[in-house]
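K.L.:
These are the residues of each chain, in order.
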Amino acid sequence: MIFLLRPLRFITRTLTEETSPRQMAMGVALGMLVGLVLKDNLTAFLCLFILCASRVNLGLGFISTFLFSWIGHLVDPVSHFIGYKLLTAESLNSWWTWFFDHPVVPWTSLNNTVVLGSLIVGLVLLIPVYRSFIPIAQKYSPSVEKRFKKFRIVQVLWGLELGSGLGEV
Amino acid sequence: MRWGYLIPRLLIAFLFWGTFHFGFDPVLKKTAHFSAELLMDSKVDLYVLETEFFPPEIKIEKVAIADSSNPGFNLLEFDSMKLKLEGKPLLRRSYIIKEASLTGLQFGTVRKETGPHDSEIDFSLPTIKVDGFDFSFNLKTDDWMSGLTGRIKDAIDPNQLESVQLARKKQLDWKNRFSKQKETLELLKKQLEQLQSQVKGAKGNALEKLQVYHDTAMNAKQLRKEIKRIRDELNQLPKLARSDYAAIIQAGKKDQQNLKDKTQILKLDPKAISQSLLGEELEKKIQQTMNYLSWLKENLSDKMDIPEPERFRGTEIDFAKNEALPKYLCRKMFLSGQSEISGQQFEFTGILKNLTSEPQLHKKPMTIEVEGIGEDDFLAKATIDLTRKTPAYKLHFQYHQNHPPTLHLGKGSELAFDLSADRTDLESLIEIKNGKLNGQIQLSQSPCRIELVSSETEDKNFSVAQTLQRILGKIDSLNTQLDLGGTLDRPEWSVTSNLGEYLSEGMSDIFAEEFEKQKAQMAQVINNNMIKELKVFESLLKGESSQLTAMLNLQENDAQKLIQKIAGGKSFKFNSLLRR
Chain A
11 MIFLLRPLRF
21 ITRTLTEETS
31 PRQMAMGVAL
41 GMLVGLVLKD
51 NLTAFLCLFI
61 LCASRVNLGL
71 GFISTFLFSW
81 IGHLVDPVSH
91 FIGYKLLTAE
101 SLNSWWTWFF
111 DHPVVPWTSL
121 NNTVVLGSLI
131 VGLVLLIPVY
141 RSFIPIAQKY
151 SPSVEKRFKK
161 FRIVQVLWGL
171 ELGSGLGEV
Chain B
19 MRWGYLIPRL
29 LIAFLFWGTF
39 HFGFDPVLKK
49 TAHFSAELLM
59 DSKVDLYVLE
69 TEFFPPEIKI
79 EKVAIADSSN
89 PGFNLLEFDS
99 MKLKLEGKPL
109 LRRSYIIKEA
119 SLTGLQFGTV
129 RKETGPHDSE
139 IDFSLPTIKV
149 DGFDFSFNLK
159 TDDWMSGLTG
169 RIKDAIDPNQ
179 LESVQLARKK
189 QLDWKNRFSK
199 QKETLELLKK
209 QLEQLQSQVK
219 GAKGNALEKL
229 QVYHDTAMNA
239 KQLRKEIKRI
249 RDELNQLPKL
259 ARSDYAAIIQ
269 AGKKDQQNLK
279 DKTQILKLDP
289 KAISQSLLGE
299 ELEKKIQQTM
309 NYLSWLKENL
319 SDKMDIPEPE
329 RFRGTEIDFA
339 KNEALPKYLC
349 RKMFLSGQSE
359 ISGQQFEFTG
369 ILKNLTSEPQ
379 LHKKPMTIEV
389 EGIGEDDFLA
399 KATIDLTRKT
409 PAYKLHFQYH
419 QNHPPTLHLG
429 KGSELAFDLS
439 ADRTDLESLI
449 EIKNGKLNGQ
459 IQLSQSPCRI
469 ELVSSETEDK
479 NFSVAQTLQR
489 ILGKIDSLNT
499 QLDLGGTLDR
509 PEWSVTSNLG
519 EYLSEGMSDI
529 FAEEFEKQKA
539 QMAQVINNNM
549 IKELKVFESL
559 LKGESSQLTA
569 MLNLQENDAQ
579 KLIQKIAGGK
589 SFKFNSLLRR
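Protein chains in written order, with our numbering: chain A, 11 to 179; chain B, 19 to 598.
One should not assume that every hint holds.
[Stated by the list, open to error] Okay, derived cross-link-like pairs now, BS3-like style, lysine-lysine, Cα gap no bigger than 27 Å in a straight line:
{"no.": "1", "chain 1": "A", "residue 1": "K49", "chain 2": "B", "residue 2": "K80"}
{"no.": "2", "chain 1": "B", "residue 1": "K535", "chain 2": "B", "residue 2": "K560"}
{"no.": "3", "chain 1": "A", "residue 1": "K95", "chain 2": "B", "residue 2": "K339"}
[What the hints assert, rightly or not] Per the computed footprint, the stretches of chain B lying under chain A, defined by three or more beta-carbons under 8 Å from a beta-carbon of chain A, are:
{"no.": "4", "region": "103 to 114"}
{"no.": "5", "region": "447 to 455"}
Calculated directly from the structure, the hints in this document are not laboratory data. Every residue gets a Cβ at the ideal spot worked out from N, C-alpha and C, and that includes glycine.
Generate coordinates for the entire structure from the input sequences, incorporating the hints supplied.
P.N.:
Listed below in structure tokens is the structure:
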């Protein structure tokens with residue numbers, strides 16, 4: 011039983027761990043970056059990989075990704091404008107040509123105006139979002155943790171694992 | 019080591035990998051299935067789709083595409099398709115299939131499942147209206163014979179004879195000439211009468227009268243001169259008449275000669291015969307070929323140029339690449355399966371090369387070569403060149419059939435033949451370049467037997483039927499050539515065949531025979547016509563010339579009398595002159 015429940019507990023822990031205000035704020039900021047970028051390309055996959063590999067709050071990260079995926083549609087005109095300006099800039103043309111002539115790079119879809127634009131928007135907003143979310147996290151994180159641990163499913167998972175462990179002893 | 023950090027993340031990574039490993043193929047299968055139905059606009063069954071990443075390969079099994087025009091049947095079905103992709107281009111987002119194989123390909127099989135799409139979409143080949151020639155060339159033997167009589171009648175139509183036409187023209191000329199002479203004589207007569215009245219009515223003294231007589235005598239002498247000139251002209255006319263007469267006789271001889279040459283005019287057009295006998299049968303083949311070409315054009319070449327779907331979000335900016343590759347390319351695909359032509363089942367193998375979404379970038383034309391092996395066999399090669407602005411298509415097709423079914427040529431109520439052969443060879447080479455269609459279809463049947471089947475012909479024109487049968491008996495092979503031109507939408511074509519040549523020769527012989535029978539009679543008719551016209555001409559000459567001569571004599575006589583009268587002094591009284 012413990013073998014079956016352990017993965018679930020791990021996931022729960024992963025989503026509830028790293029609850030310092032900075033980790034939570036970085037989770038939200040990286041989630042925002044993943045959410046803004048279009049998903050059918052290697053760029054989005056790399057952003058997601060960075061989110062998962064970082065010591066940030068993944069729960070907030072995924073929630074942020076979900077929310078900013080919807081918000082991303084509203085930002086599209088701005089993203090397109092920025093991406094288009096950058097991709098069609100005369101001075102950058104030779105660099106883009108060199109860059110996109112490399113293997114794997116075409117899979118990033120960075121030659122798409124919205125992909126490049128949304129990545130730039132995401133990167134620009136990364137620090138402001140991170141900084142602005144720290145005070146919020148500081149204010150609400152203790153109460154959120156308490157509330158989260160009150161969820162029945164979390165209690166059951168912790169209790170079952172503890173019970174199984176004692177049974178084995 | 020911080021296991022608390024590592025294990026949860028490894029678990030998430032494992033979940034990602036698991037989703038990708040176990041979920042990728044089903045998701046791709048679902049997507050492929052959906053895309054195929056969307057592309058084909060028909061129900062598609064796809065049972066297995068597996069992928070390999072090292073090396074990249076896709077394997078698809080048990081695929082059936084429903085035929086909407088034939089509910090309950092598949093348009094095509096295949097057992098398996100293996101696609102081996104090139105790794106390097108894949109890193110550059112180009113799907114290059116270096117080798118593919120498609121096995122167990124079959125067309126028109128019975129569907130195991132039916133679906134809502136089955137009867138919704140018309141998947142039939144596009145139909146091109148072939149504007150053929152007029153098949154109304156009459157082949158009824160009765161009409162041939164009546165046609166023959168008509169042609170012979172035309173040949174000896176009196177109005178068409180040169181001798182008759184010349185005689186009539188000469189008659190008209192002579193009538194004009196005589197009428198002109200008559201007019202001149204009438205004028206002279208009036209002048210003479212005027213002189214006579216002048217003499218009678220002379221007034222004044224003797225000198226004045228003398229002057230009048232003198233003038234009258236001078237004018238009368240002038241009249242006589244004119245009369246003499248007219249007489250001289252009349253004396254010349256017999257010579258001219260003889261020359262015209264000889265010309266008419268000569269024209270008559272020419273008419274006789276023409277009659278001998280008319281046999282050649284009666285020769286039938288072999289091309290028209292070929293077209294009328296073989297046209298309907300060949301029209302079906304052309305229609306079929308055009309439909310296949312059109313299908314190739316619409317489904318292989320036009321769909322190669324798939325426009326990029328408009329992205330929902332963003333615009334892709336393309337940058338020049340050192341090694342430009344098309345997005346989709348199948349270098350070669352081996353094909354095998356079963357098919358059917360004219361009720362004959364074939365096992366076929368083939369190879370498709372250079373199928374790409376960007377032919378202008380790939381710079382190689384697409385080719386497909388299929389060879390069928392069975393009781394009969396065929397070879398088809400098609401080249402679709404879309405590497406330039408104006409596409410070019412080339413289709414080469416060879417088909418050999420042993421013991422083909424008997425062909426029925428012509429129409430039952432008219433002249434009709436049954437053609438049976440031991441072997442049929444069909445070869446077609448068709449090209450479309452710059453929108454122009456150009457090609458040939460050659461149909462050869464040998465050894466062949468052609469039999470006349472129209473009973474009407476046998477009943478009413480037994481000799482004709484016998485002759486035709488004799489001609490047809492000489493034919494041991496049928497070679498037909500069809501020349502194509504025009505455009506794919508409006509093809510133009512013409513047929514030549516040895517059947518037409520044989521029949522033309524044979525029918526010309528029949529015509530010649532019939533013509534010979536009537537020729538002597540017709541020669542007599544020509545002669546009679548000429549003689550008749552000559553008699554008219556002669557009587558005209560005689561009648562008019564004697565009338566003219568009489569008028570001339572009378573006037574000359576009157577003129578002479580007048581002169582004598584003046585010269586004799588009967589009306590001039592010298593006493594009266596002296597008295598004054």
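K.L.:
Now tell me, hint by hint, if it's right for this structure.
P.N.:
Against the structure, the hints come out as follows:
no. : hint              : result
1   : A:K49 <-> B:K80   : 32 Å, violated
2   : B:K535 <-> B:K560 : 39 Å, violated
3   : A:K95 <-> B:K339  : 21 Å, holds
4   : 103 to 114        : holds (count 4)
5   : 447 to 455        : violated (count 0)
Checked against the numbered hints given earlier, the structure breaks hints 1, 2, 5 and satisfies all the rest.
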